[in-house]
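J.: Sequence:
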Amino acid sequence: MDNNQTKRRVDPVRQNILPVIAALIWGSAFVAQSVAAESIGAFTFNAARSVMAFIFLLILCLIRRKWRGKPEGTRRELIRAGICCGAALTVGSWLQQKGLETTSSGKAGFITALYIIIVPVMGVFLRKKTPITVWISIIPATMGLYFLCIQGELRELRIEQGDFLILLCAFAFSVQILTIDYFSSRVDGVELSCAQFLTVLILSCLGAAFAGEVIVIKDLFSCWFPVFYTGIFSSGVAYTLQILAQKDSNPAVVSLLLSLEAVFATLCGALFLHERLTGREYLGCVLMFVAVVIAQIPDRFLWNILNPRLKNGG
3 MDNNQTKRRV
13 DPVRQNILPV
23 IAALIWGSAF
33 VAQSVAAESI
43 GAFTFNAARS
53 VMAFIFLLIL
63 CLIRRKWRGK
73 PEGTRRELIR
83 AGICCGAALT
93 VGSWLQQKGL
103 ETTSSGKAGF
113 ITALYIIIVP
123 VMGVFLRKKT
133 PITVWISIIP
143 ATMGLYFLCI
153 QGELRELRIE
163 QGDFLILLCA
173 FAFSVQILTI
183 DYFSSRVDGV
193 ELSCAQFLTV
203 LILSCLGAAF
213 AGEVIVIKDL
223 FSCWFPVFYT
233 GIFSSGVAYT
243 LQILAQKDSN
253 PAVVSLLLSL
263 EAVFATLCGA
273 LFLHERLTGR
283 EYLGCVLMFV
293 AVVIAQIPDR
303 FLWNILNPRL
313 KNGG
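Every position in the sequence shown, counted from 1, becomes a number in my numbering once 2 is added.
Any given hint might turn out to be false.
What the hints assert, rightly or not - List time: in silico DSBU-like cross-link candidates among lysine-lysine, alpha-carbon distance up to 35 Å:
hint : residue 1 : residue 2
1    : 131       : 72
2    : 100       : 130
3    : 130       : 72
Stated by the list, open to error - Taking CB as the label site, the calculated pair distances span:
hint : residue 1 : residue 2 : range
4    : 298       : 69        : 42 to 52 Å
5    : 128       : 216       : 40 to 50 Å
6    : 291       : 219       : 42 to 52 Å
7    : 273       : 227       : 14 to 24 Å
8    : 19        : 288       : 14 to 24 Å
Source of the hints: derived by calculation from the structure; they are not laboratory data.
Because the structure is a prediction, the values reported are computed rather than measured.
Quick reminder that beta carbons are idealized off the backbone N, C-alpha and C, glycines included.
Given only the sequences and the hints, what does the whole structure look like? Please build it.
T.: Following this line, the structure appears as structure tokens:
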């Protein structure tokens, strides 16, 4: 990682608010994704939503260039960033969809969200410093995700074939988060998002061809709204907010906030689908909220509480 990046001042609003908005969009888009998955294949769905995201972001980039001029970063750097981030996102999305064929959505959501652990662990090998409060917050966050996503007792859980694919998906999303962390300070965030989805579009079309998925226009039109919503909002807007949030920010903190997707998915299900929240789901929401609060506590403040001598300089 670039040492100069750690010296830049982190915008607390951008680091905390933008990923929460992204998580809210992803959580609300869960139903739309499920509906679309019933009609079209995984690669086809990813290609269709990427078309919408790419067109939306391309128009946005052209407007921003007209108003603000040429953004930071070279074209070669932008292409390299788009390929790396887009490839990781394509692999993660495909693994998740394939894993869902043989495992439950609740278990898949829990395993996928384990990137809140994988990201800081990978960051250690990349010499990326993670605050002690974030390490502490991982404990209630993981417990909260378990209560939100897993219905039933731990002893009743069985390891399905798709669980391994979902675990690989969590690693792929972790790579995507850390790759964005590397490139977000080098190129414009909106243009990086646009290049990322162009890569996803190309790779998904190639994947659909190799997988033998037949693209039926009638099927695409039958689920046009889920494709439109996930393409514009879940992909075009939310992933761009993720990139903007990660600029000069700690990827472990941002990944923790992004995992609030599970909370918003549960709340949206209760609000729009009139699903009743169980006691364990309420507990899961509370634990996730506690984890986010802990992650915002400065390390020095925590050490002052644990060791009063530091207050007196002793």
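J.: Hints first: check each against the structure and report whether it holds.
T.: Consistency of the hints with the structure:
1. Proximity of residue 131 to residue 72 is assessed by CA-CA distance (about 32 Å); at most 35 Å being required, the pair is judged to hold.
2. Straight-line distance between C-alpha atoms of residue 100 and residue 130 comes to about 32 Å, which keeps the hinted pair within the 35 Å bound.
3. Taking the CA atoms of residue 130 and residue 72, the gap is about 30 Å. The hint holds against a cut of 35 Å.
4. Range check, residue 298 to residue 69: about 34 Å between beta-carbon atoms, so the 42 to 52 Å window is missed.
5. For the pair residue 128 and residue 216, the beta carbons lie near 41 Å from each other, so the given range of 40 to 50 Å is met.
6. Take residue 291 and residue 219: their Cβ atoms lie about 44 Å apart, and the range 42 to 52 Å holds.
7. The hinted window of 14 to 24 Å between residue 273 and residue 227 holds, with their beta carbons roughly 18 Å apart.
8. The hinted window of 14 to 24 Å between residue 19 and residue 288 holds, with their beta carbons roughly 21 Å apart.
Hint 4 alone, counting from the list given before, is not met by this structure.
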